[in-house]
Amino acid sequence: MGNALLQYATVFMLAIFVGIEIIAKVPSILHTPLMSGSNAIHGVILVGSMMILGAATTNAEEILGFLAVILAALNVVGGFVVTDRMLEMFKPKAKTPKAPASGEVAK
Amino acid sequence: MSRETLIDLLYLFSATTFVLALKGLGSPKRARLGNMVAAFGMLVAIVATFFRYVDGHAMYHVPLMILGIVIGLVVAVPVARFVKMTAMPQLVAIFNGVGGGAAALVSITEFMHIKATHPATYVALEVLLGVLIGTFSFAGSAVSFAKLQELMTGRPVTYPGQQFINGIVGLAALATIVTVLVSASQMMLWVLLGLAAVLGVLFVLPIGGADVPVLISLLNAFTGVAVAASGFTLGSNLLIVAGTLVGASGLLLTRLMSKAMGRSLGNILFSAFGATVTASGATERADGRSVRSGSPEDIAIMLGFASRVVFIPGYGLAVSQGQHVLRELADLLESKGIEVFYGIHPVAGRMPGHMNVLLAEANVPYEQLVEMDEANSELQTADVALVVGANDTVNPAAVDDKTSPIYGMPIIHADLAENVVFLKRSMRPGFAGIENELLYNPKTTLVFGDAKDTLTKMVAAVKAS
Chain A
1 MGNALLQYAT VFMLAIFVGI EIIAKVPSIL HTPLMSGSNA IHGVILVGSM
51 MILGAATTNA EEILGFLAVI LAALNVVGGF VVTDRMLEMF KPKAKTPKAP
101 ASGEVAK
Chain B
1 MSRETLIDLL YLFSATTFVL ALKGLGSPKR ARLGNMVAAF GMLVAIVATF
51 FRYVDGHAMY HVPLMILGIV IGLVVAVPVA RFVKMTAMPQ LVAIFNGVGG
101 GAAALVSITE FMHIKATHPA TYVALEVLLG VLIGTFSFAG SAVSFAKLQE
151 LMTGRPVTYP GQQFINGIVG LAALATIVTV LVSASQMMLW VLLGLAAVLG
201 VLFVLPIGGA DVPVLISLLN AFTGVAVAAS GFTLGSNLLI VAGTLVGASG
251 LLLTRLMSKA MGRSLGNILF SAFGATVTAS GATERADGRS VRSGSPEDIA
301 IMLGFASRVV FIPGYGLAVS QGQHVLRELA DLLESKGIEV FYGIHPVAGR
351 MPGHMNVLLA EANVPYEQLV EMDEANSELQ TADVALVVGA NDTVNPAAVD
401 DKTSPIYGMP IIHADLAENV VFLKRSMRPG FAGIENELLY NPKTTLVFGD
451 AKDTLTKMVA AVKAS
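Protein sequence lines correspond, in order, to chains A and B. Using the numbering used here, read the first sequence as starting at 1 and increasing by one per residue. Using the numbering used here, read the second sequence as starting at 1 and increasing by one per residue.
Same shape as in the complex, but just chain A (with noise of 0.2 angstroms):
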């Protein structure tokens, strides 16, 4: 046991609670773009795809490496994708989008 590993569960300890602090209080209508946030943020795996398919020597290692690779992008591109959509919805109010609308049933 090395002082890395000691090294890594301090960084592992305080990062357990700052997740738990960060989120404390949330809206519920957050929710779901919150999960959808931090699902984009596990797709740091990529990195980790990426240094095992940088280092990998043998075939089976580089056919799991760009297996890792691809999934994990997936991961990454959709999950930032998909929280970009639905936060789009939560523009500020804007009472132009109404004004046409209310306009068309006045005729």
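If you are wondering where the hints come from, they were derived from the structure by calculation, not from laboratory data. Do not rely on the hints blindly, as some may be mistaken.
[Unchecked claim] With a straight-line Cα cutoff of 27 angstroms, these simulated DSS-like cross-link-like pairs (lysine-lysine) come out:
| # | chain 1 | residue 1 | chain 2 | residue 2 |
| --- | --- | --- | --- | --- |
| 1 | B | 84 | B | 29 |
| 2 | B | 259 | B | 402 |
| 3 | A | 25 | B | 443 |
| 4 | B | 443 | B | 402 |
| 5 | B | 29 | A | 25 |
| 6 | B | 336 | A | 25 |
| 7 | B | 457 | B | 336 |
| 8 | B | 336 | B | 402 |
| 9 | B | 23 | B | 402 |
[What the hints assert, rightly or not] Stretches of chain A that chain B covers, calculated by requiring three or more beta carbons in the stretch to come under 8 angstroms of a beta carbon on chain B:
| # | segment |
| --- | --- |
| 10 | 49 to 58 |
| 11 | 77 to 86 |
Given the structure is predicted, the values throughout are model-derived calculations rather than measurements. Just so it is clear, CB atoms sit at the ideal spot from N, CA and C, and this is done for glycine as well.
For this one, chain A is given, so just place chain B on it according to the hints.
Showing chain B alone in chain A's frame:
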């Protein structure tokens, strides 16, 4: 500054953006910005990784890496962009699942890579956790996807001896873990991967479709933990920080979500609710009690006489893509001086906040959207409660019937209004599979048919009157 230090600094920057992003996602104003900040941080980390040295050499297979990322882009962007908003939950499920799969592959491949150096036992343990949790999340997400996409029944799947079988598979997985720890056998690692996949499937099968969103949130947290485990194996602080953040906040979020549904997490995961109760409920109701049904035109007249109307939208509205017509009806009624509100249940739709997103898409003004508690006080003086494609969220059984599986879930009290109107496709019970007593209430009128069609007819009738 050495190359490695610079890259580590960039990783530190990325980790910081992730923390800020999660913080931002908790507030409506900063949520979108937060997501973009995280995306930028991710881009920095990915670009920096290309310049890393591994095992003392520059990255091999860079073209293959780029190809993999391009494949991800080409597939994920159009899917994420153009899939209907109603299908959003299953999309999150699948993107979560592939992340878990990637984490499992990273762990297993790294183990193959370093096996020759006889790594310490704790390394094997990290690998085992990464494989176990990552694969579990992958398989569980796949089943969740199938449930939400209605490729399979949304009902809880139960069979005799279920607990026993789950126990056996769990024990087998445990035995495999011990074997790998002792023998560092790569073969057994693949066995564990298979067992974890089976466990993931078995775990999700008995969970009812209505609870799947909570489950996805849990699996999301699991993937975070799997990523953190891979981070330990690879010795990457970035992966540890990001994975742990998602794991910890995801677990808390899962608890918040189940609280919004008025249930405990344990109850959601292990009660296999609905399966037995529905069976008895269905036969009991076969006695042919009458319901009152009306035409869209009848309802239009009723609405014309009202002075205060509360719309209670549910998933059925979203499925029929009727939110735009509903808004048109609201505008029309408002122009006649009728007050209109939308009462939004926290879990309306398929996920918490899903309904707000769908209505915002139809440009429904914010001030008309009221949350459950406020909706309930408005309903006391409302003339009409128009329930569009919702069912479980207005089911009084959640309040009156202690034996009901949804007992304790907060509901919108549509029954408080003078008149209740349900727009429904059929008498079929809602997603949770529970009979709704309110349908048989004397002040309830049912209008059968596709919600969008019905609403369109109602708009025409209100215009004509």
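A quick look at each hint next to the structure:
Proposed proximity of residue 84(B) and residue 29(B) is supported: the alpha carbons are some 24 angstroms apart, at most 27 angstroms. With a C-alpha separation of about 18 angstroms, the suggested pair residue 259(B) and residue 402(B) falls inside the 27 angstroms cut-off, and the hint holds. Straight-line distance between C-alpha atoms of residue 25(A) and residue 443(B) comes to about 39 angstroms, which puts the hinted pair past the 27 angstroms bound. Distance check on the hinted pair: residue 443(B) and residue 402(B) sit about 24 angstroms apart at the alpha-carbon level, within 27 angstroms; holds.
At roughly 14 angstroms between alpha-carbon atoms, residue 29(B) and residue 25(A) fall within 27 angstroms of each other, so this suggested pair holds. Distance restraint check for residue 336(B) and residue 25(A): the Cα-Cα separation of roughly 40 angstroms exceeds the 27 angstroms cut-off, and the hinted pair is therefore not satisfied. With a CA separation close to 18 angstroms, the supplied pair residue 457(B) and residue 336(B) stays within the 27 angstroms bound. A C-alpha spacing of about 42 angstroms is found between residue 336(B) and residue 402(B), which places the hinted pair above 27 angstroms, so the restraint is violated.
With a CA separation close to 39 angstroms, the supplied pair residue 23(B) and residue 402(B) exceeds the 27 angstroms bound. For the segment 49 to 58 of chain A, the assignment as covered by chain B holds, since 10 residues bring a beta-carbon within under 8 angstroms of that chain's beta-carbons and 3 suffice. Given as covered by chain B, the segment 77 to 86 of chain A passes the check, having 10 residues with a CB less than 8 angstroms from a CB of that chain where 3 are the minimum.
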